[in-house]
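K.L.:
Protein chains in written order, with my numbering: chain S, 1 to 346; chain A, 1 to 346; chain P, 1 to 346; chain F, 1 to 346.
These are calculated hints, taken from the structure and not from any lab test. Using N, Cα and C, we set each Cβ at its ideal position, and we do this for glycine too. Just to be clear, a hint being listed does not mean it is correct.
In silico DSSO-like cross-links for lysine-lysine, where the CA-CA straight-line distance does not exceed 27 Å [claimed, not checked]:
no., chain 1, residue 1, chain 2, residue 2
1, P, K118, P, K29
2, F, K118, P, K23
3, S, K198, P, K23
4, S, K29, S, K85
5, P, K198, S, K137
6, F, K29, F, K118
7, S, K29, A, K23
8, P, K23, F, K29
9, P, K23, F, K137
10, F, K85, A, K198
11, A, K118, S, K23
12, F, K23, P, K29
13, F, K29, P, K29
14, A, K23, S, K137
15, F, K23, P, K118
16, F, K85, F, K137
17, S, K23, A, K29
18, A, K23, S, K23
19, S, K137, S, K85
20, F, K198, A, K137
21, A, K29, S, K29
22, S, K118, A, K23
23, P, K137, F, K23
24, F, K118, F, K85
25, F, K23, P, K23
26, P, K85, P, K29
27, A, K137, S, K23
Computed footprint of chain F on chain P, listed as stretches where at least three residues anywhere in the stretch have a Cβ under 8 Å from a Cβ of chain F [unchecked claim]:
no., stretch
28, 137-151
29, 239-247
30, 255-262
This is what each chain is made of:
4 protein chains.
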Amino acid sequence: MTVRFGVIGTGAIGQEHIRRVEKRLSGGKVVAVTDISLDAARHCIEALELDAQLCDSEDEILQDSSVDAVIVTSWGPAHEGSVLKAIAAGKYVFVEKPLATTVDGCLRIVEAEARMGKRLVQVGFMRRYDASYVTLKREIESGRYGAPLMVRCVHRNACVDHRYTTDMAVLDTLIHELDVTRWLLGDDYTCVQVLYPKTTRHAPSGLQDPQIFNLVTQSGVVITAEVFVNCQYGYDIQCEVVCEDGVVSLASPQAVDIRHAGLHAQPVMQDWRFRFSDAYDAELQDFIDHVARGAEPSGPSSFDGYVATMVGQACVSAQGRDEWVTISVQKDLTIGFIRNNGNQRE
Amino acid sequence: MTVRFGVIGTGAIGQEHIRRVEKRLSGGKVVAVTDISLDAARHCIEALELDAQLCDSEDEILQDSSVDAVIVTSWGPAHEGSVLKAIAAGKYVFVEKPLATTVDGCLRIVEAEARMGKRLVQVGFMRRYDASYVTLKREIESGRYGAPLMVRCVHRNACVDHRYTTDMAVLDTLIHELDVTRWLLGDDYTCVQVLYPKTTRHAPSGLQDPQIFNLVTQSGVVITAEVFVNCQYGYDIQCEVVCEDGVVSLASPQAVDIRHAGLHAQPVMQDWRFRFSDAYDAELQDFIDHVARGAEPSGPSSFDGYVATMVGQACVSAQGRDEWVTISVQKDLTIGFIRNNGNQRE
Amino acid sequence: MTVRFGVIGTGAIGQEHIRRVEKRLSGGKVVAVTDISLDAARHCIEALELDAQLCDSEDEILQDSSVDAVIVTSWGPAHEGSVLKAIAAGKYVFVEKPLATTVDGCLRIVEAEARMGKRLVQVGFMRRYDASYVTLKREIESGRYGAPLMVRCVHRNACVDHRYTTDMAVLDTLIHELDVTRWLLGDDYTCVQVLYPKTTRHAPSGLQDPQIFNLVTQSGVVITAEVFVNCQYGYDIQCEVVCEDGVVSLASPQAVDIRHAGLHAQPVMQDWRFRFSDAYDAELQDFIDHVARGAEPSGPSSFDGYVATMVGQACVSAQGRDEWVTISVQKDLTIGFIRNNGNQRE
Amino acid sequence: MTVRFGVIGTGAIGQEHIRRVEKRLSGGKVVAVTDISLDAARHCIEALELDAQLCDSEDEILQDSSVDAVIVTSWGPAHEGSVLKAIAAGKYVFVEKPLATTVDGCLRIVEAEARMGKRLVQVGFMRRYDASYVTLKREIESGRYGAPLMVRCVHRNACVDHRYTTDMAVLDTLIHELDVTRWLLGDDYTCVQVLYPKTTRHAPSGLQDPQIFNLVTQSGVVITAEVFVNCQYGYDIQCEVVCEDGVVSLASPQAVDIRHAGLHAQPVMQDWRFRFSDAYDAELQDFIDHVARGAEPSGPSSFDGYVATMVGQACVSAQGRDEWVTISVQKDLTIGFIRNNGNQRE
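For reference, chain S alone in the conformation it holds in the complex (with noise of 0.2 Å):
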């Protein structure tokens, strides 16, 4: 069976994702197409030369019986009431990050699902899908290296714009390493605390950069997570798992090696896109994959989306204070069929 997406918000990532249906994955097809801006909308149609319908509100898209699937690609404010239609409608929801902006959005949409029986929801978080991270995730579950004892993150972005904020180190930036640590793991955080270096001179006036903060998680696991989003040389992220016989970290993709000019040197990646293309591409398939033989979708839950808003709101308090915040996951909210994928304990 060929899955049917109806896509909602149709701006950057929305074009991706369709552009990858359409022209990189098996199995999947864009019947419909909705955006604020319903110019935009048809523009992407046109430009994309999709076979698909203008729907003019994402309502229209939600009762067409011959969309199977959506796609919620709109701005970030909007993603709870969309999923919140599509779960009522029945309908099988790819959400792009954040699964809600707050926190009581993200269980509502988590009860919404709990109550249709059945998951519905998979939320964007591509780094699962990243061929390191699960090699990474597989070498610690070996167990040939013992229990993790510290985890080091670094998230380092070549520049950003003027309009980058302090809390957007948070919800833009760190809420991946949030999310992709705690599935390493298995475990889930406790506290957190934020820590600001000399900011560097090629930040936007008021903003705080590089950012370092420090978590902890249930087990004992310290997680010391560096966000530098002007560090000029390049996209670099890197993760190191130190565990009690030996220490498993990310490589750095390498395409080529150059002896030139006195160096012996590797290009950095410039661009997150490069980075974790194959992930945006194994994600969307994965959950095409599962839709089309009739599954539920086995990628991060609506119940991920929440923890990772909770806990992200929890760094952004904590940014605000000297001390630490502490980040208690409402456990109860995992009965029944809604698993935590990430997080094998429970």
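Fit chains A, P and F to the supplied structure of chain S, relying on the hints for placement.
P.N.:
What follows is chains A, P and F alone, placed relative to chain S:
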């Protein structure tokens, strides 16, 4: 337009390509299947749950107007016949290497295609689609490092079974280096010499392993290519291009980096399937994309297939003598529209 | 002029320094030796075939006009007394860390040296002489990478015995990072905090291992220093300095690179003796070279020794509390000729 | 006992060795100096502030009973005469490569030393003392990787001046690989072939650069040695030994690792002086240590010096022909006490 494929040959590699078209790539569909063993073909349709017709012969497939293109994955000696018939039927052909097992067979294909006045054939030299090789070629062609002077290729497999013979080191193994190095350099070989180092105790009786092939190109580049198919430690493909102002090499793909048991280590891939998995996808997607929009394939051409077979024969000939063997490409073949894609100078 | 050494303390490290002077370095000679155990001192003279006098006490050595300089390698609590007496006798002193075990003791030494009107003392912080650290410092000071913002230190030992206690992680282990990082940055610490991750099952009972120390400097650099003394896999010293325009790190010393048994690997050193062997030689040769030509030593000064002990005490204090501990250097000490070598800003 | 040196030849390398003995190593002293230019010798004594006698001739040095050993650092053609006289005078000799510029000259030295009944001569092949090569040899000899089958050597210099000629690529450059590879393998060469790739535009007129030397050993190991003396990017020495069960290579020495300007890079050394600085110290310290205790030197012997010159001549001979040149060591020379240190099989 969806490209409708007929598949001739449903062995391991045939099934791999079918799975690619059906499960991972966009824009293609397998509609007809045959094999020298009809049972095998039937079993393949069932195992992969294909919505495809079982055909008694390749002729049936080639006469079927609902088939746009064929994938030829039968055994080598059968390739020439299938490809010639496909050209005669005006079908696009994706043929696994070798294009044909004899130089004359290859020439017959090149000439048949030339008579048709358009490119129909793409040969499965997937390395040209590997991201590392593509980046390597781009770096060389940037001119930043000056002219290439020397190339060092390494092709190591963990082990081979007792049926592997000395000439297979050329025809099954080195053949990839022969094609991809010529494509990297845009240059043609003029002669080849073989050196036999001491043979490993792990080699099956009668097999020379390792072997070293020294090749020289028209512009004077010397290529040193090592083939070592019982290296024990893994699958390891290296390529270093020494230029006037710098050296550019393939980086080895690595997912993780491990500190454990007294070593700082990166796991070595054990299998070519993993190493070039993305390249296999990319070559077939590229073929589909071209055919889908009615364009000629732009991947390795029948002329490239001819050169590979011809140079391969010269290498085998050099295995039997203690001297240099001359290689000469029939350049007049390249008249007209059959361009030699890898070779910018022509 | 050959520098004639008296050695106070002939334990393991004392013998190492004697062997250095006698067998590997140029321009020095051991002429007198003592130890709390005269038997040990006698045995040392015999075992190393020294042409040196056995002295009953350090006083005898210090009154001997044929002794130009002393090496103090007794146990820590005895350092202060020996160094003060040596200063009073006008002898040059090479003293192993710590300069003294108490802050007051260190201050007494700094003041005594100041009263002598010339530098006599060098403290054995050998990392400042390690080629990697020297290059790292030169790179940072080149200005090419802008101002330092963050430093990450890792100090891992394969294992320690059951006598190793939590505060030894500071006084015996972290102390090297405390000195060398201050020297690298030319900056002083203002506060420190300790985080205790989950403890490894390999730690002796009662030992917190690993530990993370967060330090802040006057200019706002945040240093994250991990001490993990039962990491199992080897001796691993890392130091990464994140600057505004780039990141500079110590490279791990490697002799060979191995492809074997499915891994591409570099052996990890198992012992600090190998890692810093050349630096131990270089610090003592530098001391000899200065003394030989009648110049003041230019290595780590008594002031540096005071700062290390003082900051070390603050770190131990921070181990006992769940909050930041303030660090304040007595700057007025630096009057006159006792320069703080590591600290260009003063 | 302090070894008292006479130095014959005070050019750049002579001064380097004097500085080593006087300023960095233990147990030696320069007591007499001469040079073809007495002004140069006098200047050297003054510049290095030596407490040494200026001698009118090497004969004066060799007759001086206060001289224990001589360092021969005159120009190559003068080596034979000096070494033969030193042997006749019963002095230990440390002679820079080449031992002698002719094979016959080398043989006369080997025979003269044999007649003396003890080893007196050590040749300055310092790579055997480099820590990386020593580790590489130890790994190979561990047997862990099985028998060596192939070796790949790379010798690249950033650039050379216009006086550098094609045969100097053997006599000044490759000569180090010829000695150290034979020592690594404990095996002798049987034949050599030269390939000339396209020449770099950076080569002075008339110079073949790069060159590839293929050598075969008695046990069948094939060595591929690249010499490229205008590679532009730095000084780069590589050595990879491919064995039956694994591959062991020299690691490139690195002090720091830099992320900057879009690259993850390690600086490449620009000069052989830095690369083998420690090895130069170690070879001479080893010579001093042996002589000081009245033992025969154990470094590269006159027989090793003979083999290097003889194999070097064969390589030069191969440069002039398009075919393999046979190499045959006069094995009967190795009778008696003059052992070929590098060659465990004999």
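K.L.:
Hint by hint, note whether the structure agrees.
P.N.:
Going through the hints against the structure:
1. Under the criterion of a C-alpha separation no larger than 27 Å, the hint pairing K118/P with K29/P is consistent with the structure, at around 24 Å.
2. For a cut-off of 27 Å, the pair hint linking K118/F to K23/P stands: about 25 Å separates their Cα positions.
3. Taking the CA atoms of K198/S and K23/P, the gap is about 47 Å. The hint is violated against a cut of 27 Å.
4. With a C-alpha separation of about 21 Å, the suggested pairing of K29/S with K85/S holds against the 27 Å cut-off.
5. Distance restraint check for K198/P and K137/S: the Cα-Cα separation of roughly 19 Å lies within the 27 Å cut-off, and the hinted pair is therefore satisfied.
6. Taking the CA atoms of K29/F and K118/F, the gap is near 24 Å; set against the 27 Å cutoff, the hint holds.
7. Taking the CA atoms of K29/S and K23/A, the gap is near 14 Å; set against the 27 Å cutoff, the hint holds.
8. A threshold of 27 Å between alpha carbons decides the hint, and for K23/P with K29/F the separation of about 14 Å falls inside it, so the pair holds.
9. A threshold of 27 Å between alpha carbons decides the hint, and for K23/P with K137/F the separation of about 25 Å falls inside it, so the pair holds.
10. Of the supplied pair hints, the one linking K85/F and K198/A is violated, its CA atoms being roughly 44 Å apart against a limit of 27 Å.
11. A C-alpha spacing of about 25 Å is found between K118/A and K23/S, which places the hinted pair at or below 27 Å, so the restraint holds.
12. About 14 Å separates the Cα atoms of K23/F and K29/P, which keeps this hinted pair within 27 Å; it holds.
13. For the suggested pair K29/F and K29/P, the alpha carbons sit about 14 Å apart, so the restraint of at most 27 Å is met.
14. Proximity of K23/A to K137/S is assessed by CA-CA distance (about 25 Å); at most 27 Å being required, the pair is judged to hold.
15. The suggested pairing of K23/F with K118/P holds, with an alpha-carbon distance near 25 Å, which does not exceed 27 Å.
16. Of the supplied pair hints, the one linking K85/F and K137/F is violated, its CA atoms being roughly 35 Å apart against a limit of 27 Å.
17. Proposed proximity of K23/S and K29/A is supported: the alpha carbons are some 14 Å apart, at most 27 Å.
18. Under the criterion of a C-alpha separation no larger than 27 Å, the hint pairing K23/A with K23/S is consistent with the structure, at around 13 Å.
19. At most 27 Å may separate the alpha-carbon atoms for a hinted pair to count; K137/S and K85/S exceed this at roughly 35 Å.
20. Straight-line distance between C-alpha atoms of K198/F and K137/A comes to about 19 Å, which keeps the hinted pair within the 27 Å bound.
21. With a C-alpha separation of about 14 Å, the suggested pair K29/A and K29/S falls inside the 27 Å cut-off, and the hint holds.
22. Taken as a hint, the K118/S and K23/A pair is honoured in the structure, with Cα atoms around 25 Å apart against an allowance of 27 Å.
23. Our distance criterion of 27 Å between C-alpha atoms is met by K137/P and K23/F, whose separation comes to about 25 Å.
24. Distance restraint check for K118/F and K85/F: the Cα-Cα separation of roughly 15 Å lies within the 27 Å cut-off, and the hinted pair is therefore satisfied.
25. Taking the CA atoms of K23/F and K23/P, the gap is near 13 Å; set against the 27 Å cutoff, the hint holds.
26. For a cut-off of 27 Å, the pair hint linking K85/P to K29/P stands: about 21 Å separates their Cα positions.
27. Proximity of K137/A to K23/S is assessed by CA-CA distance (about 25 Å); at most 27 Å being required, the pair is judged to hold.
28. With 3 residues carrying a beta carbon less than 8 Å from a beta carbon of chain F, the stretch 137-151 of chain P meets the three-residue requirement, and the given coverage holds.
29. Remark: the stretch 239-247 of chain P is confirmed as covered by chain F, as 3 of its residues place a Cβ nearer than 8 Å to a Cβ of that chain, reaching the required three.
30. Using a Cβ-Cβ cut-off of 8 Å, 7 residues of the stretch 255-262 of chain P lie near chain F, which meets the minimum of three, so the contact claim holds.
Of the numbered hints stated above, those contradicted by the structure are hints 3, 10, 16, 19, listed in ascending order.
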